[in-house]
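Required output: the full structure, derived from the provided sequences and hints.
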Amino acid sequence: MTLTDCARKLGAKLQAKNAYAMFAGVSTDSRSIAANELFVALKGPTFDGHEYVEQVRQRGAAAALVARPLPIDLAQIVVGDTMLAYGALAQVWRSRFSLPVIALTGSNGKTTVKEMLRCVMAKHVGHADEVLATEGNMNNNIGLPQMLLRLDGHHRAAVFEMGMNHLYEIDYLTRLAVPDVALIIMAGTAHIGELGSRQAIAQAKGEIYAGLRDDGVACINIDDQYAHYWQRLVGETRRIVTFGTAPSADVRGELTGAGLKLHAGTEVAEVRLHVMGGHNQRNAIAAAAGAHALGLPLATIAAGLADFSGVDGRLQRYVGHNLATIIDDTYNANPDSMRAAIDVLATQAGKRLLVLGDMGELGADAAAMHAEIGAEAKAAQVDGLFVLGDLAREYAASFGAGAFHASNVEELVAALKPILGPNTTVLVKGSRFMKMERVVHALVDATQIKPAKGTH
Numbered sequence: 179m180t181l182t183d184c185a186r187k188l189g190a191k192l193q194a195k196n197a198y199a200m201f202a203g204v205s206t207d208s209r210s211i212a213a214n215e216l217f218v219a220l221k222g223p224t225f226d227g228h229e230y231v232e233q234v235r236q237r238g239a240a241a242a243l244v245a246r247p248l249p250i251d252l253a254q255i256v257v258g259d260t261m262l263a264y265g266a267l268a269q270v271w272r273s274r275f276s277l278p279v280i281a282l283t284g285s286n287g288k289t290t291v292k293e294m295l296r297c298v299m300a301k302h303v304g305h306a307d308e309v310l311a312t313e314g315n316m317n318n319n320i321g322l323p324q325m326l327l328r329l330d331g332h333h334r335a336a337v338f339e340m341g342m343n344h345l346y347e348i349d350y351l352t353r354l355a356v357p358d359v360a361l362i363i364m365a366g367t368a369h370i371g372e373l374g375s376r377q378a379i380a381q382a383k384g385e386i387y388a389g390l391r392d393d394g395v396a397c398i399n400i401d402d403q404y405a406h407y408w409q410r411l412v413g414e415t416r417r418i419v420t421f422g423t424a425p426s427a428d429v430r431g432e433l434t435g436a437g438l439k440l441h442a443g444t445e446v447a448e449v450r451l452h453v454m455g456g457h458n459q460r461n462a463i464a465a466a467a468g469a470h471a472l473g474l475p476l477a478t479i480a481a482g483l484a485d486f487s488g489v490d491g492r493l494q495r496y497v498g499h500n501l502a503t504i505i506d507d508t509y510n511a512n513p514d515s516m517r518a519a520i521d522v523l524a525t526q527a528g529k530r531l532l533v534l535g536d537m538g539e540l541g542a543d544a545a546a547m548h549a550e551i552g553a554e555a556k557a558a559q560v561d562g563l564f565v566l567g568d569l570a571r572e573y574a575a576s577f578g579a580g581a582f583h584a585s586n587v588e589e590l591v592a593a594l595k596p597i598l599g600p601n602t603t604v605l606v607k608g609s610r611f612m613k614m615e616r617v618v619h620a621l622v623d624a625t626q627i628k629p630a631k632g633t634h
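First residue of the sequence shown? That's 179 in my numbering, and the numbers climb one at a time after it.
Bear in mind the hints are in silico, worked out from the structure with no lab data behind them. Think of the CB as a built atom: it goes at the ideal place given N, C-alpha and C, for glycine as much as any other residue. Treat the hints with care, as some may be off.
Straight-line C-alpha distance at most 30 Å; calculated DSS-like pairs for lysine-lysine [said to hold, decoys possible]:
#1 Lys529 <-> Lys556
#2 Lys221 <-> Lys191
#3 Lys613 <-> Lys221
#4 Lys556 <-> Lys595
#5 Lys595 <-> Lys613
#6 Lys529 <-> Lys613
#7 Lys221 <-> Lys195
#8 Lys595 <-> Lys529
#9 Lys221 <-> Lys187
#10 Lys556 <-> Lys613
Restraint-style ranges between C-beta atoms, simulated for each label pair [as the list claims (entries may be wrong)]:
#11 Tyr346 <-> Pro223: 56 to 66 Å
#12 Arg391 <-> Ala592: 32 to 42 Å
#13 Val356 <-> Ala553: 43 to 53 Å
Okay, here's the thing in structure tokens:
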């Protein structure tokens with residue numbers, strides 16, 4: 179894209195010696211920007227990208243997108259708000275491509291379902307690198323535009339994850355992506371501290387349908403208590419594909435041990451999953467619905483799901499200290515995902531130990547929610563509970579005998595190691611800010627990490 183084209187699309191003022199110079203990419207990070215890329219000078223509460231424009235000039239940037247002209251010898255596209263202009267630029271770029279786009283959100287399972295869909299779509303198009311899917315945590319108003327700007331002519335499908343912690347955030351993101359298929363996995367309690375109620379969470383998730391193409395498909399979890407609410411949001415002019423375990427679901431899943439039987443119309447397919455937990459079986463049903471909405475046959479969907487081997491930090495099993503099995507579920511946590519993790523641990527043979535860190539963003543009921551999880555761990559007959567964090571005391575108090583509250587990771591690991599053996603399973607989980615992966619790293623030799631038997 180030329181600087182002139184970009185300025186015209188954004189209704190911006192261009193200051194450049196060569197208005198028809200091209201830029202080869204877009205970056206918001208002055209540390210990693212490449213030569214001939216456009217630098218977007220974003221401004222936040224603790225940073226201002228305008229302070230790094232001279233630095234990107236020295237690194238060979240083609241131009242900078244700025245909110246005020248700067249006395250620097252670099253082409254500048256001047257706009258009123260660089261964040262909004264960044265999104266608008268991503269929207270313009272996305273409009274150049276006619277490939278199928280799936281957008282998804284949910285209180286739990288977003289990354290897992292996204293990766294499942296990546297596998298399914300790769301099976302469909304034939305090559306994994308022809309499917310663009312959200313990387314890492316690039317699911318917000320900075321990350322999603324960056325993903326959209328990575329679209330190019332070799333991509334044949336895209337899967338975008340959308341996160342939020344307040345109302346109207348997903349509404350903005352979905353209008354940038356303009357998906358062919360929009361899917362809500364479920365509405366749970368994640369971010370209830372910011373939004374105040376589960377109904378508000380369902381409303382925020384439901385915004386994903388606002389950006390659907392006119393001929394797009396809305397995928398709705400018929401097992402969720404807000405299914406009818408979402409159906410009303412979608413209205414009667416767009417096609418709806420329901421999914422779940424209910425007999426009336428358009429894409430129905432039967433949970434069969436570690437596997438899954440999928441039904442869609444007259445099609446039936448058996449799926450062998452290589453990830454643990456009933457919640458992951460339900461995640462697979464959601465992924466199947468997203469792919470089915472694009473017209474993929476169940477046989478292709480089942481084959482793609484069989485290729486999915488899990489996501490780092492989400493129920494990954496390793497051989498650890500004294501040959502104990504360590505289950506790393508440390509990526510994040512909320513009450514719903516905590517319950518799912520406890521359910522997984524309860525199915526393991528031998529001694530079962532649970533290591534938990536605090537859950538964040540739960541609002542005024544945080545203490546009570548932590549206490550509930552401790553009680554549920556006790557009811558699931560977990561043999562021992564080891565906890566870290568201020569609110570984690572509530573886990574321990576409701577669990578009772580067999581609980582240990584540590585003041586730091588070192589103390590927790592020191593208490594765990596002597597009781598580990600080949601017949602012990604340890605599941606580690608907590609919210610992202612707790613960095614509970616430190617416990618996993620202390621229990622598993624980083625040079626010899628290998629999946630434990632039974633993970634696949």
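These are the hints, each one checked on the structure:
no.: 1; hint: Lys529 <-> Lys556; in the structure: holds, 14 Å
no.: 2; hint: Lys221 <-> Lys191; in the structure: holds, 19 Å
no.: 3; hint: Lys613 <-> Lys221; in the structure: holds, 27 Å
no.: 4; hint: Lys556 <-> Lys595; in the structure: holds, 21 Å
no.: 5; hint: Lys595 <-> Lys613; in the structure: holds, 19 Å
no.: 6; hint: Lys529 <-> Lys613; in the structure: holds, 25 Å
no.: 7; hint: Lys221 <-> Lys195; in the structure: holds, 26 Å
no.: 8; hint: Lys595 <-> Lys529; in the structure: holds, 14 Å
no.: 9; hint: Lys221 <-> Lys187; in the structure: holds, 21 Å
no.: 10; hint: Lys556 <-> Lys613; in the structure: holds, 24 Å
no.: 11; hint: Tyr346 <-> Pro223: 56 to 66 Å; in the structure: violated, 19 Å
no.: 12; hint: Arg391 <-> Ala592: 32 to 42 Å; in the structure: violated, 56 Å
no.: 13; hint: Val356 <-> Ala553: 43 to 53 Å; in the structure: holds, 45 Å
In this structure, the hints that do not hold are numbers 11 and 12, in rising order.
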